[in-house]
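4 protein chains.
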Amino acid sequence: MIRVSVVGAKGRMGGHVVEAVRGAADMELALALDAGDDLTLISPENTDVVVEFTVPSASLGNVLALVAQGVDVVVGTTGWTEERLEQVRQAIAAGPRPGGQKVFVAPNFAISAVLADHFAVQAAKYFESAEVIEMHHPDKVDAPSGTALHTARAIAAARRAAGMGPMPDATQTDGGSRGQVVDGVHVHAVRLRGLNAHEEVLLGNAGEQLVIRADSFDRGSFMPGVLLAVRRLAADAPAGLTVGLDSFLDL
Amino acid sequence: MIRVSVVGAKGRMGGHVVEAVRGAADMELALALDAGDDLTLISPENTDVVVEFTVPSASLGNVLALVAQGVDVVVGTTGWTEERLEQVRQAIAAGPRPGGQKVFVAPNFAISAVLADHFAVQAAKYFESAEVIEMHHPDKVDAPSGTALHTARAIAAARRAAGMGPMPDATQTDGGSRGQVVDGVHVHAVRLRGLNAHEEVLLGNAGEQLVIRADSFDRGSFMPGVLLAVRRLAADAPAGLTVGLDSFLDL
Amino acid sequence: MIRVSVVGAKGRMGGHVVEAVRGAADMELALALDAGDDLTLISPENTDVVVEFTVPSASLGNVLALVAQGVDVVVGTTGWTEERLEQVRQAIAAGPRPGGQKVFVAPNFAISAVLADHFAVQAAKYFESAEVIEMHHPDKVDAPSGTALHTARAIAAARRAAGMGPMPDATQTDGGSRGQVVDGVHVHAVRLRGLNAHEEVLLGNAGEQLVIRADSFDRGSFMPGVLLAVRRLAADAPAGLTVGLDSFLDL
Amino acid sequence: MIRVSVVGAKGRMGGHVVEAVRGAADMELALALDAGDDLTLISPENTDVVVEFTVPSASLGNVLALVAQGVDVVVGTTGWTEERLEQVRQAIAAGPRPGGQKVFVAPNFAISAVLADHFAVQAAKYFESAEVIEMHHPDKVDAPSGTALHTARAIAAARRAAGMGPMPDATQTDGGSRGQVVDGVHVHAVRLRGLNAHEEVLLGNAGEQLVIRADSFDRGSFMPGVLLAVRRLAADAPAGLTVGLDSFLDL
Numbered sequence: 025m026i027r028v029s030v031v032g033a034k035g036r037m038g039g040h041v042v043e044a045v046r047g048a049a050d051m052e053l054a055l056a057l058d059a060g061d062d063l064t065l066i067s068p069e070n071t072d073v074v075v076e077f078t079v080p081s082a083s084l085g086n087v088l089a090l091v092a093q094g095v096d097v098v099v100g101t102t103g104w105t106e107e108r109l110e111q112v113r114q115a116i117a118a119g120p121r122p123g124g125q126k127v128f129v130a131p132n133f134a135i136s137a138v139l140a141d142h143f144a145v146q147a148a149k150y151f152e153s154a155e156v157i158e159m160h161h162p163d164k165v166d167a168p169s170g171t172a173l174h175t176a177r178a179i180a181a182a183r184r185a186a187g188m189g190p191m192p193d194a195t196q197t198d199g200g201s202r203g204q205v206v207d208g209v210h211v212h213a214v215r216l217r218g219l220n221a222h223e224e225v226l227l228g229n230a231g232e233q234l235v236i237r238a239d240s241f242d243r244g245s246f247m248p249g250v251l252l253a254v255r256r257l258a259a260d261a262p263a264g265l266t267v268g269l270d271s272f273l274d275l
Numbered sequence: 025m026i027r028v029s030v031v032g033a034k035g036r037m038g039g040h041v042v043e044a045v046r047g048a049a050d051m052e053l054a055l056a057l058d059a060g061d062d063l064t065l066i067s068p069e070n071t072d073v074v075v076e077f078t079v080p081s082a083s084l085g086n087v088l089a090l091v092a093q094g095v096d097v098v099v100g101t102t103g104w105t106e107e108r109l110e111q112v113r114q115a116i117a118a119g120p121r122p123g124g125q126k127v128f129v130a131p132n133f134a135i136s137a138v139l140a141d142h143f144a145v146q147a148a149k150y151f152e153s154a155e156v157i158e159m160h161h162p163d164k165v166d167a168p169s170g171t172a173l174h175t176a177r178a179i180a181a182a183r184r185a186a187g188m189g190p191m192p193d194a195t196q197t198d199g200g201s202r203g204q205v206v207d208g209v210h211v212h213a214v215r216l217r218g219l220n221a222h223e224e225v226l227l228g229n230a231g232e233q234l235v236i237r238a239d240s241f242d243r244g245s246f247m248p249g250v251l252l253a254v255r256r257l258a259a260d261a262p263a264g265l266t267v268g269l270d271s272f273l274d275l
Numbered sequence: 025m026i027r028v029s030v031v032g033a034k035g036r037m038g039g040h041v042v043e044a045v046r047g048a049a050d051m052e053l054a055l056a057l058d059a060g061d062d063l064t065l066i067s068p069e070n071t072d073v074v075v076e077f078t079v080p081s082a083s084l085g086n087v088l089a090l091v092a093q094g095v096d097v098v099v100g101t102t103g104w105t106e107e108r109l110e111q112v113r114q115a116i117a118a119g120p121r122p123g124g125q126k127v128f129v130a131p132n133f134a135i136s137a138v139l140a141d142h143f144a145v146q147a148a149k150y151f152e153s154a155e156v157i158e159m160h161h162p163d164k165v166d167a168p169s170g171t172a173l174h175t176a177r178a179i180a181a182a183r184r185a186a187g188m189g190p191m192p193d194a195t196q197t198d199g200g201s202r203g204q205v206v207d208g209v210h211v212h213a214v215r216l217r218g219l220n221a222h223e224e225v226l227l228g229n230a231g232e233q234l235v236i237r238a239d240s241f242d243r244g245s246f247m248p249g250v251l252l253a254v255r256r257l258a259a260d261a262p263a264g265l266t267v268g269l270d271s272f273l274d275l
Numbered sequence: 025m026i027r028v029s030v031v032g033a034k035g036r037m038g039g040h041v042v043e044a045v046r047g048a049a050d051m052e053l054a055l056a057l058d059a060g061d062d063l064t065l066i067s068p069e070n071t072d073v074v075v076e077f078t079v080p081s082a083s084l085g086n087v088l089a090l091v092a093q094g095v096d097v098v099v100g101t102t103g104w105t106e107e108r109l110e111q112v113r114q115a116i117a118a119g120p121r122p123g124g125q126k127v128f129v130a131p132n133f134a135i136s137a138v139l140a141d142h143f144a145v146q147a148a149k150y151f152e153s154a155e156v157i158e159m160h161h162p163d164k165v166d167a168p169s170g171t172a173l174h175t176a177r178a179i180a181a182a183r184r185a186a187g188m189g190p191m192p193d194a195t196q197t198d199g200g201s202r203g204q205v206v207d208g209v210h211v212h213a214v215r216l217r218g219l220n221a222h223e224e225v226l227l228g229n230a231g232e233q234l235v236i237r238a239d240s241f242d243r244g245s246f247m248p249g250v251l252l253a254v255r256r257l258a259a260d261a262p263a264g265l266t267v268g269l270d271s272f273l274d275l
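Protein chains in written order, with my numbering: chain F, 25 to 275; chain Z, 25 to 275; chain Y, 25 to 275; chain G, 25 to 275.
The shape of chain F in the complex, shown without the other chains:
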């Protein structure tokens, strides 16, 4: 049994994690802490893996403290920069188990979204055209989504690496309908009541199209990815900092 503690257990995502851990046959819930609780209660004596799902302003401090206490951490909180990640790497190096501690950070735990991104990039060099459409609920404040930006940039990089030129586009007049151009890839953002988080990549050649679509219908969509990360940290994940769920998928 993997002993899992949750930090941010009363938050929306953290609550889902508590429930998912309780429902997993190979895990047991150790501690469920939230803001104000004493993080030092968590130690290798009672916990194999911590899942940290709080807010960007609190997350770095939590992770550094947990690393100092010698436990492995799966981090679901967003807002990580390269600078912050570097602080985590240094904390691991200076920690109680310098060669062995594991921290995992992922911008997106939805397996379907991570696979869609990966497949779109793999396919990119075989198609003349590629565009990205992301669709979200209308309460989202940023457009396009970070995932769509990532997908577009990765498609652009794959095309450049394959020596491909710009995509065909004879458009002469447009009032903005062609969307945002990210490294040469057009990105479109739809905001629609009823949707949650969806991304579609369209790839086209003469006479054919490949469509790769990921639908995240609710927050529960992150849980299979969180549990997968917990299992990998408890088992064969390499020591040190790992970033991105694709690191844990056999692709």
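Bear in mind the hints are in silico, worked out from the structure with no lab data behind them. Be careful, since some hints might not be right.
A pair holds if it fits inside one copy or across any two, identical chains being indistinguishable in the list.
Unchecked claim - Below, computed lysine to aspartate or glutamate pairings styled on DMTMM-like, alpha-carbon distance capped at 20 angstroms:
{"hint": "1", "residue 1": "Lys149", "residue 2": "Asp207"}
{"hint": "2", "residue 1": "Lys149", "residue 2": "Asp50"}
{"hint": "3", "residue 1": "Lys164", "residue 2": "Asp62"}
{"hint": "4", "residue 1": "Lys34", "residue 2": "Asp58"}
{"hint": "5", "residue 1": "Lys164", "residue 2": "Glu152"}
{"hint": "6", "residue 1": "Lys149", "residue 2": "Asp260"}
{"hint": "7", "residue 1": "Lys34", "residue 2": "Asp62"}
{"hint": "8", "residue 1": "Lys34", "residue 2": "Asp50"}
{"hint": "9", "residue 1": "Lys164", "residue 2": "Asp198"}
{"hint": "10", "residue 1": "Lys34", "residue 2": "Glu52"}
{"hint": "11", "residue 1": "Lys34", "residue 2": "Asp242"}
{"hint": "12", "residue 1": "Lys164", "residue 2": "Asp274"}
Fit chains Z, Y and G to the known structure of chain F by using the hints.
Just chains Z, Y and G now, with coordinates in the frame of chain F:
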């Protein structure tokens, strides 16, 4: 048998019409004319309905001449303005059969596209959100398509008539991904090698979505609509000028 | 303000109704009752419209009692047969307001599903081919869904009324992949973890396709339809029994 | 410049190949032969790669003869069995360039279809549920398509290899709508006028869905794959017989 003459018979669309007329069990091909041919060969003696599919610069002149010769006309050429349509109305009033002659002009002969537009507008007032995505081959010079503009404006009008306010949209930062805003309706245009002409309308409420999509895979997609118009002119269409294929659909 | 009472308020659907009524600016919650509570508490003095969302075994009794008490009822419970509906009609005729009482029963309150069904049937006679694909969560015990059966039968009826023959299909060998044939219309049922309730109707002609798709992502998708029915009963709905949400949509 | 000869140049697919070779900047058309023409005209002196697109009854003989003449061959004709492939392997071993000759056979040259199949199989072990929907024109005589059968079997194999059990499915009553079960994977076949060849794989977990869709709109969709194979044979493809376009994609 409906006797059909084709003007613009050597053009891409006209060639399809010739073939479609030959394949229709209830029609026979009378005359197939093209640029340089003598339009006065066409008369009520040899023709029931003319299908005119040429270029905007020639079409008005052709239609006025054909009306003066007393034949009914289905016009597939694009580029019609209200001013041009008014000239046709006057020609009908001054023609050899003032109370009886029929001319039909349609911006789009794809039945699926006309129905999609109609259904989207009917549904509009029942949904909080609505956006339009059109997808075309990359050789198209204008974006968005005229059909998408028409759909967006009609959705906006239906919402206004129902006393609905603006759609929910919390977007604060955007680099253009939200597309073109047409009367408050966001319109997105994709250009992809392999596609022909496609339009998708997304309508959303809390917990539900209605998607209406029309695919025109090739120019042949216009032929069922052209034949439908020919049959209606030869049968029970009202005298005078009729605009839009929806006039001939029982909706 | 429309005073709304809810019967079955502690059930999954009833709980959603209580919440939706509380969130509606033009409604106020009168009584929220559940199994064991005294239905006679509900009267025209405290309630304009009752929403009944219980179980098939209890629903007929509840509705007959509520009609006898003189209140109008929106019924969301399923399992209604023509025989049961007839009992409701007789109860209305024998009730305290014989010429004025209103009861509304609907097999499906999702506006998108009701519109999709309606549009598919309207479009059916303009297309050579039509097939239905429904997609649901894997815990559903019946296949295909009642909605898909209804759509298929209505498409078949529309084709017959238009004098259309069978759809083109050259299939000679098949191990069952062509699905269930309902009145000549092929119906396919997908069961997939992550989905809730979705239906897609594909209509095809040479060179073109029309796709009409309804997505119900969760139970909340029924609430706009329930509130619409409450408003119509409180306002201009005709007296007597009305069946089907399409009766309340301007189509 | 790669010198390309075409065998079956007057056939529907062969004609497309002739056109595609003429349009490729790095290729020139050597000989264009059809039934009745003398195959011995083709030799290493005038041809680098032959594209053979004829009929199953002629293809094996053509390929064996071309191998004996010492030229490399891309075979687009269908109907290959393991026994026939073995004859080609023996012909290569006994041919004029035993260690160096290259023959390529593929059941499907549509890059989008080959990628969709590959991605679906890669993703299969990460999802509880997976189903396959293929959609074709109604003149197709077999259902489901060979491609859909292949995809379903490969998904089933990937699930077995990952130790996964059967997919969740509570269906108790069904009149055939659940489709054909291929190694435990449900396969659905749609036949619709207007479509050509399309396949969609749906993969689902709690709260999320991954959809991978390949659209082949017309025969031109095979040409990018044919040209890719010609280039690989002229360049770095391994000697001997290679089967399947995925062998030439970096996946």
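Taking the hints in turn, this is what the structure says about them:
In the homo-oligomer, the alpha carbons of Lys149 and Asp207 lie at most 20 angstroms apart inside one protomer (15 angstroms), although the nearest pairing across protomers, at 33 angstroms, exceeds that limit. In this assembly of identical chains, Lys149 and Asp50 lie within 20 angstroms of each other by CA distance solely across copies; the values are 18 angstroms between and 41 angstroms within a copy. Proximity of Lys164 and Asp62 under a CA criterion of 20 angstroms is satisfied in neither setting, with 33 angstroms inside one chain copy and 44 angstroms between copies. Only within a single protomer do Lys34 and Asp58 lie at most 20 angstroms apart by alpha-carbon distance; the minimum there is 6 angstroms, versus 30 angstroms between protomers.
Taking the closest pair of Cα atoms, Lys164 and Glu152 come within 20 angstroms of each other only across two copies (16 angstroms); inside a single copy the shortest separation is 32 angstroms, beyond that limit. Taking the shortest Cα distances, Lys149 and Asp260 sit within 20 angstroms of each other only across copies (18 angstroms), while inside one copy they are farther apart (33 angstroms). For a Cα distance limit of 20 angstroms, the shortest separation of Lys34 from Asp62 inside one copy, 14 angstroms, qualifies, whereas the shortest one across copies, 38 angstroms, does not. In this assembly of identical chains, the alpha carbons of Lys34 and Asp50 never lie at most 20 angstroms apart, being 23 angstroms within a copy and 34 angstroms across copies at closest.
In the homo-oligomer, the alpha carbons of Lys164 and Asp198 lie at most 20 angstroms apart only across protomers (11 angstroms), although the nearest pairing inside one protomer, at 26 angstroms, exceeds that limit. For a Cα distance limit of 20 angstroms, the shortest separation of Lys34 from Glu52 inside one copy, 18 angstroms, qualifies, whereas the shortest one across copies, 31 angstroms, does not. In this homomeric assembly, Lys34 and Asp242 come within 20 angstroms of each other (Cα to Cα) only inside a single copy, at 18 angstroms, whereas the closest approach across copies is 24 angstroms. In this homomeric assembly, Lys164 and Asp274 never come within 20 angstroms of each other (Cα to Cα): the closest approach is 32 angstroms inside a single copy and 32 angstroms across copies.
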